Amino acid sequence: MNKVMSNKTVIALYVLPALLVLIALIYVPILMTGYYGLMKWDGIGEMTFIGLENYTKLMKDAMFWDSAYHSFLLAIFSTVSLIGYLIISLILASKIKGANLLRKIYLIPMLLSSVAIAQLWLKVYHPSNGLVNSLLMTFGVDNPPAWLAEPNLVLQALFVPIIWQYAGFYILIYYAALKNIPDSLVEAAKIDGANPLQIAWKIKVPLIAGVIKVTIVLAIVGSLKYFDLIYVMTGGGPNGSSEVMASYMYQKAFGTYDFGYGSSIGFFLLIICLVITWLIRKLTATKEELQY
Amino acid sequence: MEFKTNQQLNKNLPIQKEKHTLFSRLGKTVLYIILGIIAVLQIYPLIWLLFFSLKGDAEIFSNSPFALPESPKWENYTTVWNQGNIDLYFFNSVLVTVVAVVLTVLLASFVTFAITRMQWKLSKLVLGLFMIGIMIPVHSTLIPLFQFFLGLNLIDHPLAIILTYTAFNLPLTIMILLGFYHTLPREVEEAAVMDGCSIHRIFFQITLPMTTPVISTTVIINMIYNWNEFVFVNTFISSDKYKTLTVGIQNFIGQYATDWGAIGATLMISIIPILIAFFFLSNRIVEGIAAGSVKG
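Protein chains in written order, with numbering that gives the first Met the number 0: chain P, 0 to 291; chain L, 0 to 295.
Think of the hints as simulated: they come from the structure by calculation, not from any bench.
27 Å max Cα-Cα, derived DSSO-like pairs, lysine-lysine:
1) P:K178 x P:K94
2) L:K27 x P:K94
3) L:K123 x P:K281
Since this is a predicted model, take the numbers as computed values, not measurements.
Sequences and hints are given; from them, build the entire structure.
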């Protein structure tokens, strides 16, 4: 048995193809991004080593900090909205009829491509024929705003379809986790006289703390690298007012062919994502230890 | 208050049934209304899209956007299908999706088998490498990947996107498979080894068939991701003949910016396959998404 199951050739044959794909297309590129970030390079011509110049430029680039601020706002917004998803999931999982159908309906937007969603919401926000403004006009608002053209509204207007797209995903995750809680625990609490709110807050929520932690990481990291919908709907505009880190990186690299600078943004993005993941896991781990 | 006294009165009963008091029934109605409103918000933009995909321009711009189509213009769909390469984009999407899904699920099954069933020292490290892959933002790899494929003459070639999809979907696929493999009994495989069965036959004829339920889950998840992918196609593919539906419709809509009927029909064509898959396989999809995210 052991001899067959530890055959080195077979292991190599089974693991190496996937491992090579992973290393060649994810790990080597990450290192290369770090390397390109130290270069002045337009993607075609000579590469010149300029040390940390791209990064010092990045630190002073107001446009980059604006985009970072927008990504950060999205991250906060997404994380706070998790509370709403948790409440909805608690209701859905409390043995109500039709919960299965409802969570499936909630999930549908998540299945669609960001391009289709973006194009659909461009129409929803259309200044004269869109759903939002038509509705506002029926309610007597005479001059509703052109949502995506207003620098001080565009970001909030973009957050709505992002919420719309991902709500079902998080509700599904919480619902699945809540369904895994053994009935006996809830029954025991009921016998002890706990009301439904106490059961939800003091028993169910702590029991799925691990899953909540995962969703916080997903929401924050997902927000920081968010790209598709914003790129298609506004391209970062008007005037950079909806630019996020990933769209700024894309614009620098594939819009103005500043591959060196684009790489430094890409590398910065990677570091932020990894640090935040590590930080959240670390912070929430100590909290759990204190609780028990 | 009342609830609490009820609880105390019935304390001796072994299993408590919830009391349907007037208060709880009223609360339930309110909850259903809230849940229903959310459901409408999630689904209405799509219904609206279906409506305007069946309308003519005059109807869209003069009538209320909430109105039903007067006489459904199905010709919007046939026109769009024959114009602007939509049929070609559709074919490319199917091709890229199918090849990448088969490649990903097969490679991931090999790796998961080797990690859960075979004994070797580096298995933990290799698994770790795959799992960290989930946290890597695609944008941080985009420029080097572009250079890499340029060097291999694969820019503007479907293989570039097929390989990238495979790489970026392997971590999640392995993660979903892993949970299932841990629950599989080893006895059948052990018996097969005793009988002198080769390891490849064990994998292909015993283990792989036993994992069909989870494989179907990973296939659907991969299918949804690949069908909808945008950034890689947008960056690596420049000629129309290799574009997939997501990028293709983006260009098409750019050219016909004012013809809402055509745009609606194009968008519907791009999302119908996923909606059909969801209609028939929703339980597997729901399970897969839940499994893929909860175990992190």
